[in-house]
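Q: Model the full structure from these sequences, guided by the hints.
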Amino acid sequence: QQKVQQSPESLSVPEGGMASFNCTSSDRNFQYFWWYRQHSGEGPKALMSIFSDGDKKEGRFTAHLNKASLHVSLHIRDSQPSDSALYFCAARAQTGFASALTFGSGTKVIVLP
Amino acid sequence: EAAVTQSPRNKVTVTGGNVTLSCRQTNSHNYMYWYRQDTGHGLRLIHYSYGAGNLQIGDVPDGYKATRTTQEDFFLLLELASPSQTSLYFCASSGGQGNSGNTLYFGEGSRLIVV
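Line order of the protein sequences matches chains G and D.
Everything in the first sequence is counted per this note's numbering, starting at 1 for the first residue and increasing by one.
Everything in the second sequence is counted per this note's numbering, starting at 1 for the first residue and increasing by one.
By construction, these hints were calculated from the structure, which means they are not laboratory data.
Hints may be right or wrong, so weigh each one.
Among the chain D residues that face chain G by a calculated CB cut under 8 angstroms, a handful are [claimed, not checked]:
no.	residue
1	Y33
2	G40
3	G42
4	L43
5	F90
6	N102
Where is the CB? At the ideal position from N, CA and C, for every residue including glycine.
A: Here's what the structure looks like:
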């Protein structure tokens, strides 16, 4: 079983709509989460990180973390065609020094014009 | 933004062949990583390093060797390539200091096909 699981595998959203998708860790050591975005033909790029319970907003993107359930979600408001991409959730266990990130299998988002 | 350059971008080799994937980062990052990306599996960590001469084993290391020759350069070696190693390979680097230092900067990827 993958330690970081994402759902759904893919979703479609109309332009201007809200896209929402989820990530859950099965490893209670994973306490620190990132969202990465990958456009076709490119490498993944970091979108945002979230380490504390609650919401974190950056522009049209809002991440929500529930540490008790190790569940994190990402919401994209006013979705644009440029938001069409593969979104990865990533997590790691320890703070204070770098340990490698564990990634989920990704959610493919398609924004329909 | 951190610059990570991979070569070759595309490679076709035969089963049993030798392949070396190269990665160079130019932002003085301490940490470098090799991941492979496969549909349904996301990104899986092969090897990583926190400095020249250092090597750490990742989650899917079998069939791969890696070497970090300098702070800038990290190589992934497939000495007896198999079709199961057909994949998209990404190199990444990070500063490694504190939580924000763990943001990974990825290269553009190297697509390997083993026939």
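Q: Each of the hints needs a verdict: does it hold here or not?
A: Structure-based check of each hint:
1. Y33: holds, 6 angstroms
2. G40: Check passed: Cβ of D/G40 comes within 6 angstroms of chain G, closer than 8 angstroms.
3. G42: For D/G42, the interface hint holds, since the closest Cβ of chain G sits about 4 angstroms away, which is under 8 angstroms.
4. L43: holds, 4 angstroms
5. F90: holds, 6 angstroms
6. N102: holds, 5 angstroms
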